[in-house]
Amino acid sequence: MPTETVSEHRTKSETEQTRSGAFFRPNVDIAERQDELVLRADMAGATGDSIDIQFEDGTLTIHARVPERTYGRSLLRQEYGVGDFYRTFRVSEQIDPGRIAAEYREGVLTLRLPKSEAAKPRKIQVAT
Amino acid sequence: MSLIPWLGKQDGNGTGRTTMTELRNEMNRLFDNFIREPFGAIGDSFAAWGQVMPPVEISETDNEVTVKAEIAGVDPKDLDLTVNGDRLTISGEKRESKETKEDSYRQRETRYGRFSRSLQLPAGVDPQQVTAEHANGVLTVRIRKSPQAAAKKIPISTSR
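Residue numbers (this note's numbering), protein chains in the order written: chain A, 1363 to 1490; chain B, 1281 to 1440.
It cannot be assumed that every hint is accurate.
Said to hold, decoys possible - List of simulated lysine to aspartate or glutamate pairs, EDC-like, C-alpha gap at most 20 Å:
1. A:K1477 / B:E1379
2. A:K1477 / B:D1383
3. B:K1357 / A:E1468
4. B:K1381 / A:D1397
5. B:K1357 / B:E1376
6. B:K1378 / A:E1394
7. B:K1381 / A:E1465
8. A:K1477 / A:D1458
9. A:K1482 / A:D1414
10. B:K1357 / B:E1340
11. B:K1378 / A:E1465
12. A:K1482 / B:E1413
13. B:K1357 / A:D1458
14. B:K1357 / B:D1406
15. B:K1378 / A:D1458
Hints are computed from structural coordinates only; laboratory data are not their basis.
Using the sequences and the hints, build the whole thing.
Here it is as structure tokens:
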């Protein structure tokens, strides 16, 4: 049975509150390719320089600071909340942390997590 | 946004997610979406069946009405905006690149496809004076109110 190599790690976001505002959990896609994992998170309203990504001991943390709404105008309809995005994942796969690359465009954060050499699928030659 | 589970539809490619994990993820997602999109969760649950339905925020000042829509991952080229009387229509498509379409996924929570939302604006807006801007996955549309509609302070005469 295949094991889940990227799983969500929620305890931190439940307990760690750096400010009174709510944290929002971005919707995330995780694709697996031969030599990397690609994670895409919808984080509309964040800015590239407000996103903090950490990878430590197999835990990936994404935190985007989003300024809360400034009022002074009357809200007629409000279908989404505004506040920080936060989500953590357990990555049990061997990742090369030095080569993790991140890009933020049009509200989507794309993270490339390259598998370390040891974790890549390998074809083993059978000596005859 | 929708109350209808959607993760369940596209599994079966051997991602190895257990039913419990799936259920837990789904519950978390519903709960979070409800907090994040309280109106969207109820109002659009049937309309949004299997669709992308960007959540909006409408606010006003004395001089203008502002409509914001969260549309992460939508290329501005694929966006279409029209004002017809007091109706603003935002439509477009969130496209998936060929590369990501062919990927195999362990987890999928975002949606792709066409969307269209038509919103009733407050009375007194001037459809000729609309500006729109797109930044970081948020579309902001500003519509000026016509001068007659701008709030006027009415002096109250007093009789002695």
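For each hint, the structure was consulted:
no.	hint	verdict
1	A:K1477 / B:E1379	holds, 19 Å
2	A:K1477 / B:D1383	holds, 16 Å
3	B:K1357 / A:E1468	holds, 12 Å
4	B:K1381 / A:D1397	holds, 17 Å
5	B:K1357 / B:E1376	holds, 14 Å
6	B:K1378 / A:E1394	holds, 15 Å
7	B:K1381 / A:E1465	holds, 19 Å
8	A:K1477 / A:D1458	holds, 6 Å
9	A:K1482 / A:D1414	violated, 27 Å
10	B:K1357 / B:E1340	violated, 27 Å
11	B:K1378 / A:E1465	holds, 18 Å
12	A:K1482 / B:E1413	violated, 43 Å
13	B:K1357 / A:D1458	violated, 36 Å
14	B:K1357 / B:D1406	violated, 25 Å
15	B:K1378 / A:D1458	violated, 26 Å
Violated hints for the displayed structure, listed by number in ascending order: 9, 10, 12, 13, 14 and 15.
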